[in-house]
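Peer 1: Chains as they are written, first to last, in numbering that gives the first Met the number 0: chain A, 0 to 235; chain B, 0 to 235.
Careful: at least some of the hints might be erroneous.
Pairs count within a copy or across copies, as identical chains cannot be separated in the list.
For lysine to aspartate or glutamate, the following DMTMM-like pairs were computed, each having C-alpha atoms within a straight-line distance of at most 25 Å [what the hints assert, rightly or not]: (1) K59 / E159; (2) K194 / E15; (3) K55 / D30; (4) K90 / D179; (5) K55 / D162.
Treat the hints as calculated values from the structure; they're not laboratory data.
2 protein chains.
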Amino acid sequence: MEEQNHIASAFDRDLEKVQAQIMKMGGLVEDAIRQAAKSLETRDEPLAAQVRAADKVIDKLEAEINENAARVIALRAPTAIDLRMILSVMKISGNLERIGDYAKNMAKRTGVLSQMPPVGDGTAAIRRMARLAEEMLKDSLDAYIRRDAELALDVIARDEELDQMYNALFREFLTFMMEDPRNITACMHMHFIAKNVERMGDHCTSMAEQVVYLVTGARPDDARTKADKTSVKKPD
Amino acid sequence: MEEQNHIASAFDRDLEKVQAQIMKMGGLVEDAIRQAAKSLETRDEPLAAQVRAADKVIDKLEAEINENAARVIALRAPTAIDLRMILSVMKISGNLERIGDYAKNMAKRTGVLSQMPPVGDGTAAIRRMARLAEEMLKDSLDAYIRRDAELALDVIARDEELDQMYNALFREFLTFMMEDPRNITACMHMHFIAKNVERMGDHCTSMAEQVVYLVTGARPDDARTKADKTSVKKPD
Numbered sequence: 000m001e002e003q004n005h006i007a008s009a010f011d012r013d014l015e016k017v018q019a020q021i022m023k024m025g026g027l028v029e030d031a032i033r034q035a036a037k038s039l040e041t042r043d044e045p046l047a048a049q050v051r052a053a054d055k056v057i058d059k060l061e062a063e064i065n066e067n068a069a070r071v072i073a074l075r076a077p078t079a080i081d082l083r084m085i086l087s088v089m090k091i092s093g094n095l096e097r098i099g100d101y102a103k104n105m106a107k108r109t110g111v112l113s114q115m116p117p118v119g120d121g122t123a124a125i126r127r128m129a130r131l132a133e134e135m136l137k138d139s140l141d142a143y144i145r146r147d148a149e150l151a152l153d154v155i156a157r158d159e160e161l162d163q164m165y166n167a168l169f170r171e172f173l174t175f176m177m178e179d180p181r182n183i184t185a186c187m188h189m190h191f192i193a194k195n196v197e198r199m200g201d202h203c204t205s206m207a208e209q210v211v212y213l214v215t216g217a218r219p220d221d222a223r224t225k226a227d228k229t230s231v232k233k234p235d
Numbered sequence: 000m001e002e003q004n005h006i007a008s009a010f011d012r013d014l015e016k017v018q019a020q021i022m023k024m025g026g027l028v029e030d031a032i033r034q035a036a037k038s039l040e041t042r043d044e045p046l047a048a049q050v051r052a053a054d055k056v057i058d059k060l061e062a063e064i065n066e067n068a069a070r071v072i073a074l075r076a077p078t079a080i081d082l083r084m085i086l087s088v089m090k091i092s093g094n095l096e097r098i099g100d101y102a103k104n105m106a107k108r109t110g111v112l113s114q115m116p117p118v119g120d121g122t123a124a125i126r127r128m129a130r131l132a133e134e135m136l137k138d139s140l141d142a143y144i145r146r147d148a149e150l151a152l153d154v155i156a157r158d159e160e161l162d163q164m165y166n167a168l169f170r171e172f173l174t175f176m177m178e179d180p181r182n183i184t185a186c187m188h189m190h191f192i193a194k195n196v197e198r199m200g201d202h203c204t205s206m207a208e209q210v211v212y213l214v215t216g217a218r219p220d221d222a223r224t225k226a227d228k229t230s231v232k233k234p235d
């Protein structure tokens with residue numbers, strides 16, 4: 000019995016260490032989102048370059064986390080809920096890596112957009128979207144660490160808000176392009192960025208869904224309607 | 000020694016079973032790419048609906064594969080190369096799931112694009128891109144099963160070709176939009192689809208990189224330049 004407790008707590012210590020890395024990675028990804036959106040709105044090319052460079056650190060952390068998680072599995076041979084917990088670490092680091100990639104892709108377009116005249120308040124609207132995505136990310140990670148299913152469900156609900164912001168922007172960009180063809184290139188880039196932020200929300204939702212699954216053992220209602228309407232309704 | 004052989008072959012049998020599921024999943028994703036591109040070009044809404052429905056089967060298979068892989072880890076406690084092999088199964092099923100999602104998203108736009116007058120040979124060009132992505136997928140899976148690093152490196156090289164096709168299409172869409180604002184909405188949707196196909200290639204590349212890592216123990220040159228130029232050069 001003592002032996003078993005010993006093994007259990009060794010696993011818990013290992014898990015905590017990997018989860019601490021997840022939190023560190025999450026913090027870097029939050030910074031990346033915020034700075035990418037800021038660099039876009041303020042046309043701050045050095046800040047954008049910083050975001051692009053930081054993505055390498057994020058990618059390295061993901062690889063480390065996966066290796067450490069694999070080491071824990073090999074060493075402790077966890078089963079049942081312990082195995083699910085350690086596997087979720089890999090899933091979540093994968094989600095974080097993708098969100099980091101989207102932030103990097105956003106930052107890549109700062110340079111090209113800075114050379115064009117601004118179109119409406121496009122970049123400010125994108126920054127508002129990014130702020131929402133950043134909060135969703137922070138809360139989904141908090142929900143994960145605290146195993147808080149209620150907070151996770153709240154994150155899932157907020158994704159619809161983000162989708163609606165994206166839909167509204169999509170229509171706005173179409174209008175700008177139709178009004179003046181000189182807006183087309185800038186709007187194509189901004190649409191691309193807005194879609195990336197909307198996808199960040201999807202990854203936060205995926206993390207939150209995992210939390211719900213880990214805590215309750217049940218998947219959140221996957222009949223949940225996707226709210227990107229641009230593909231089904233003809234935007235006017 | 001005999002005991003060890005026994006354990007090793009039990010693991011190999013388990014691994015083979017999960018890999019067979021990967022191949023089945025890969026076949027479904029190949030079908031999804033081909034049919035989504037076809038439904039787009041021929042404006043075949045029932046075929047698009049079929050692609051969307053098939054995505055649920057793909058998602059279910061991914062969940063099954065991950066559960067089976069976790070079961071193998073818990074049961075056999077593999078280490079070293081065996082552990083890497085079984086973990087790669089999870090990574091690859093994740094890549095396949097995303098590619099399937101992109102095909103589904105493509106099929107979602109068939110309906111809305113069918114209501115608009117065609118723009119140039121946009122959908123035919125997308126279908127050519129999709130054909131290349133489908134071949135990359137097939138070959139990356141073959142490389143995985145046969146542990147063929149050479150074929151995997153060939154897949155990685157082909158991703159640049161796909162990126163160049165995307166870049167050319169991006170410029171073409173810009174031109175169409177500037178020529179006639181009535182083309183804008185259709186081009187926005189087609190650009191979105193082309194970008195999704197380009198991303199399929201990224202996931203094939205990621206699978207191929209894993210094969211190289213599994214076979215040679217070394218990561219393929221990650222200084223490899225990304226060839227989506229639309230974010231760095233101002234398209235003319």
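Peer 1: Does each hint hold? Answer for all of them.
Peer 2: Hints versus structure:
1. K59 / E159: between (32 Å within a copy, 24 Å between copies)
2. K194 / E15: Neither. Shortest intra-copy (34 Å) and inter-copy (39 Å) distances fail the 25 Å Cα cut-off.
3. K55 / D30: within (14 Å within a copy, 35 Å between copies)
4. K90 / D179: For K90 and D179, neither the intra-copy (44 Å) nor the inter-copy (45 Å) Cα distance is at most 25 Å.
5. K55 / D162: between (28 Å within a copy, 21 Å between copies)
When each numbered hint is compared with the structure, violations occur for hints 2, 4.
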